[in-house]
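Student: The lines below spell out each chain.
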Amino acid sequence: MTDDADTRLAELEATVSALAARVQELEDDREIRDLLARYGYMADNCDDEGFVNLYTEDGAINLSISKEAAASMGTDAAVWSGKDAVRDFITNPNGHHSAQLYGKSMHFHGTNLVTHIDGDEAVADSYGMAVATADGENTIVSAGNNQWQLRRVDGRWLIRERRGATLGDDKFTTNLDATPE
Amino acid sequence: MTDDADTRLAELEATVSALAARVQELEDDREIRDLLARYGYMADNCDDEGFVNLYTEDGAINLSISKEAAASMGTDAAVWSGKDAVRDFITNPNGHHSAQLYGKSMHFHGTNLVTHIDGDEAVADSYGMAVATADGENTIVSAGNNQWQLRRVDGRWLIRERRGATLGDDKFTTNLDATPE
Amino acid sequence: MTDDADTRLAELEATVSALAARVQELEDDREIRDLLARYGYMADNCDDEGFVNLYTEDGAINLSISKEAAASMGTDAAVWSGKDAVRDFITNPNGHHSAQLYGKSMHFHGTNLVTHIDGDEAVADSYGMAVATADGENTIVSAGNNQWQLRRVDGRWLIRERRGATLGDDKFTTNLDATPE
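Going line by line, the protein sequences match chains B, Y and L.
The first sequence begins at 18 in our numbering and counts up by one.
The second sequence begins at 18 in our numbering and counts up by one.
The third sequence begins at 18 in our numbering and counts up by one.
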């Protein structure tokens, strides 16, 4: 090989390597969008175990809900840590499993999506709303933003922590501040 | 060319070929998102023929609507097959062309989007809601999920079948089950 | 280098160059989605200066609002040109800064997104809705489409003009017509 060809080949290898990293990031962005979409599917299609399995073993839900809202769900906590706690959250008979919501609500998650990907860790910010139907009327039962702490485990993006704030709540306007630029 | 350079070149060709396939899939994903966006545009901007042309020649709309809902549209079917039937659907004076909806509604399609692409065939799952305005008030007149069976024809993604289920309907919680993992 | 290797190397260089342009476009598409997401964040998180800085120096907001709606905001214009005017728009005490909206509303922008990218210029079409909360009830206070004229400045996509039309308004059904195919 001539020196010139060697240089061209080396340059091309470097270009392709950098390009592959950019494609990987775009694929990660798409997979994270999918993950948030499935968050809605699992919740709305009554697949509780599928919902739990979107979380890491130490996954957590951290919602800035009021004491009153927590009390109405029969809990005094706004944080559910670990898969068993996540299961408690999604099967709460006064919460997601209530007659008003279970099989009768849709979680539109992942709009206004911004993802920050750093290897096997990622932060995703997004907006979401839950719509419930009753007597032919559709109501936005909740709206809020979420900061999703994500981790890739065995090649699959999972939720390490959902930090959610409800529109109207004190923490809403600062909940996405902690997100990397 | 030395053996070493030949090996490096062959490896790079294989890497670039695989990378091109991944980029193609990301482009397909984007084009499918565009298609579902335009589904809303055509419906909401009163472009009936544009709407029809988003479907393949044998394209179909398959909605899990109740007999009552079908009757209110002056039809006893929940399936519209072929472009003529799709045209009947979108120009139905008791449906989309009603005074309450035509030019006064928006179809937010393509949220919670997950695409499964396999060559020139694809399945896309998504959430959607229709918002109508009347007397300055905006109402969610319907919400549901859709499983879109898509096909690439002459380089353009088209709808082969829209399988829609309305929130609250029996089929809603299973409508996305048939989707590939 | 043999002629054969030279040909292969030149072909590969051309392929990689074309691939890089396609990846760049996908990255631009993602950055534009981010920009519209942040449009909501800045508005909803009460970051007025952050909102202003999403616009170019000559950036403009052009809304097809009625004279009545304009009058209720204490203005007779539906166009705000330049950063100072954009600041006036977002800090209007009878508009975005009203007690009903400021810190109590969410702008779901960037659904039904279609982007047209041409170098450092782009047009993005999208749907949006604003949801406000009051007394525990969430209402869609406005819904509409937007044609966003965008420009890349110093490597960052900014808004050159937001052309918005409200659902129910005369211009709604034609607002996206000017968009490239």
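What the hints contain is simulated information worked out from the structure, not anything from laboratory work.
Treat the numbers as computed from the prediction; the structure is a model and nothing was measured.
It is possible that some hints are incorrect.
One copy or any two copies: either way a pair holds, since identical chains are not told apart in the list.
In the DMTMM-like style, the derived pairs of lysine to aspartate or glutamate whose C-alpha atoms are separated by at most 20 Å in a straight line are [said to hold, decoys possible]: (1) K100 to D64; (2) K100 to D75; (3) K100 to E66; (4) K100 to E44.
Student: Out of the numbered hints, which ones does the structure contradict?
Tutor: 4
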